[in-house]
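These protein sequences, in sequence, are chains A and B.
Heads up, the first sequence is in numbering that gives the first Met the number 0, so the first residue is 0 and it goes up one at a time.
Heads up, the second sequence is in numbering that gives the first Met the number 0, so the first residue is 0 and it goes up one at a time.
Be aware that one or more of the hints could be misleading.
Going by beta-carbon spacing under 8 angstroms, a handful of chain B positions derived as facing chain A [stated by the list, open to error]: (1) Ile24; (2) Lys103; (3) Glu152; (4) Pro271.
Hints in this document: simulated from the structure, not taken from any laboratory.
Note that the Cβ used here is the ideal one computed from N, Cα and C, for glycine as well.
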Amino acid sequence: MNEYQYDYKTVQGFVLSAIFWGVIGLVAGLLISAQMWSADLNFGEYLSFGRLRTFHTNVLAYGLGIGAEFGLFYYITMRLTKKPFVLPKLARLHLWLFNIGVGAAGLSLLIGMNTSLEYAEFEWPFDVAIVILWVMFAINILGNIFTRKEKHLYVSLWYIIATVITVAILYIVNNLAIPATLTKSYHLFAGVNSANVEWWYGHNAVGFLFTTPILAMFYYFLPKSTGLPLFSHRLSIISFWSLIFAYLWTGAHHLVYTPLPDWIQTLAIAFTLFLIAPSWGSVVNGYFTVDKDWSKMSTNYLTKFFIVGITFYGLQTIQGPSQGIRVISSLIHYTDWVPGHVHMGTMGWVTMVICASIYYALPAMYKTTIFSEKIANTHFWLVLVGQVMFSITMWITGIQQGAMWKMTAADGTLQYTFMEGLVRNYPYWQMRTASGLIFVVGMLFFIYNVLMTIQKGKKNLAKLQEA
Amino acid sequence: MSKNDNSIYNRALLFSIVAAVTVLIGTIATVFVPMFTEGMHPKVDGLKPYTALELAGRDVYQAEGCVNCHSQVIRPLKADVLRYGQYSKAGEYAYDRPFLWGSKRTGPDLARIGGKYPDEWHIQHFESPQAFYPKSNMPPYPWFKEKQVNVKETLARMDALSFPYTEEEAAELEGATELDAMIAYMQVLGTSIAKEALIEIDESMIEAESPVKGDADAIALGKKLYKAECSGCHGQIAEGNIGASLVDYAEFEPLDTDTYITIANGFEGAMPGYAAKFSKEKIWAIVEYINSLK
């Protein structure tokens, strides 16, 4: 086997940075979940719910999610192209700028620089910086891919290429703005047009930051960690192309019953339903890969992370499209059902697969094994219980909210006032905080395991060098 | 794996181009093409660009992340229309950059909040939402009244949006607080189309006299509803605050029907009407509670 001098330091740097931002984002999440049931926990201007919730979503999406994706994409790309970074210094610079960027951008939200475009809240100077960061990333990734030493492009690389290209298009178009001053800009698009562009972006940010990158990891690390070959190459081809084709039509399912022209809404709903097929293509591919030897679920601790992760993806991609249907949207849209849905994706699918990928990649980089499988198992069960409790709680309260908002008395007047609906959420919101806490404790086990594995790895490398 | 050397899965550049084209098809069809059609740029006749003070308020609304909890779009669904007013029209948003429709209603929709309450309601409610609804989870915003609107910054923003303003309007900004700006913004929301009450109650539609006159259960229900929905403005013991003292009102021994119609229809800009929100039984119960205050 060939030995290359891979720059694993940058990969590790991204992994650790992602974990750091993850902790901050999760703590913010716990605080806002408590603010939902106690307004007394709003500590002044900078830590009030509206600012902190924006901070929570952005720090986790950009810090934890994208940070881990940068690191693991670099890892996967180097391995699959059989080539170290074309520009290792650029990759290192990318790491530093990434951390400075997330920190500064996160603070900017707390001081009230907020465009109020969901998941694109950063003001224009940060948008420019993010585009520059993405270009640096693209140069390294595509540079490696275009000059690769392995002719064939493995499935994960398809997803990586699609991510790099599509995120660039989405981010640039939706963030086109009229800058007024250094701290404030206005969306180039107005009214219904603004809504259409934003949700085309918003939904595809989910598609190309939380779906395709995680699938890239899944397709790489599942066969790697189980030692089982991917079930079907053909199925992965069909799933890939139909997924990336259909995704871009679906954004307007976030705008059902709004003044956006009906045909755009309907087209989006139709394509959303179609998306079940390619999504489940990957689910089935994962299941049948492990079908060759289901005993891996108990003998190989990582298998269950991937299988449970892809199961959440499967559930997510059935629940999501059903939410887009008009009659269901009319009940659950604007309720807590939706955060329940989102968190199944982020906690169940995205974080599960990212953690498992890190569990595989870190020891591999140090030519050692994980510090403790037992701790990894504890981590697994805690995050699983935390996530399931979280989402189920939110679904129940979401349906209750939607129903109470809709319900009318015999004479056609509304049955409940807004406050009557609100107070009924409190027990569920408190339960959500408890679920979040369980999840965070699980993540602390993960972090401890990661740090100890690095310690162990460093000792191992020193030993190998002596020998 | 593919045996053909020319397969797209062996050619990275070709692969990238095909992937880019694939994602652009849906983008062009549902985002880029509509952008250039008239249907995406409607404007209702009554819509005016934001004034400098309203824009400053809208900017505060964005800075505080209000959109996390409040939507600004009413769906053409019965319950939405009963609760919030006429469903939203595309042409009402022509000057909204960005749109602020939101995706969550932790708090109520604000698309037609303009004119629903008097300014004083907003002043007290921003200071302490819990003073109106003890179990509200809305954060208080006491800093609004202390922070001045930045005049230069606001005018630069007006210029960037090409919104017209006069010298006097610019002068008005001097000394204005974020609270003034937020109230100006709240009060203009949803006012570009003429307001039509969904249900307008008149005497022919109700009993000539309270059907639950002096009924203890009705008074108890009325008191409960009063505490929940009315006490913020009329006071915990109906002593009056933003709204009139109902103790004094009851002294005049008003007609049951007058009290009913006032509660049902409200007054534009002063008091919201409850005809769509409370059943007849509930409104009569409140009437009885008020009668009992005498």
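Do the hints match the structure? See the list:
Checking Ile24/B against chain A: minimum C-beta separation of about 7 angstroms stays under 8 angstroms; hint holds. For Lys103/B, the shortest C-beta to C-beta distance to chain A is roughly 6 angstroms, which falls under 8 angstroms, so the interface hint holds. Interface hint at Glu152/B: satisfied, since its Cβ lies 6 angstroms from the closest Cβ of chain A, which is below the 8 angstroms cut-off. Taking 8 angstroms as the C-beta cut-off, the interface hint given for Pro271/B is violated, the closest approach to chain A being about 11 angstroms.
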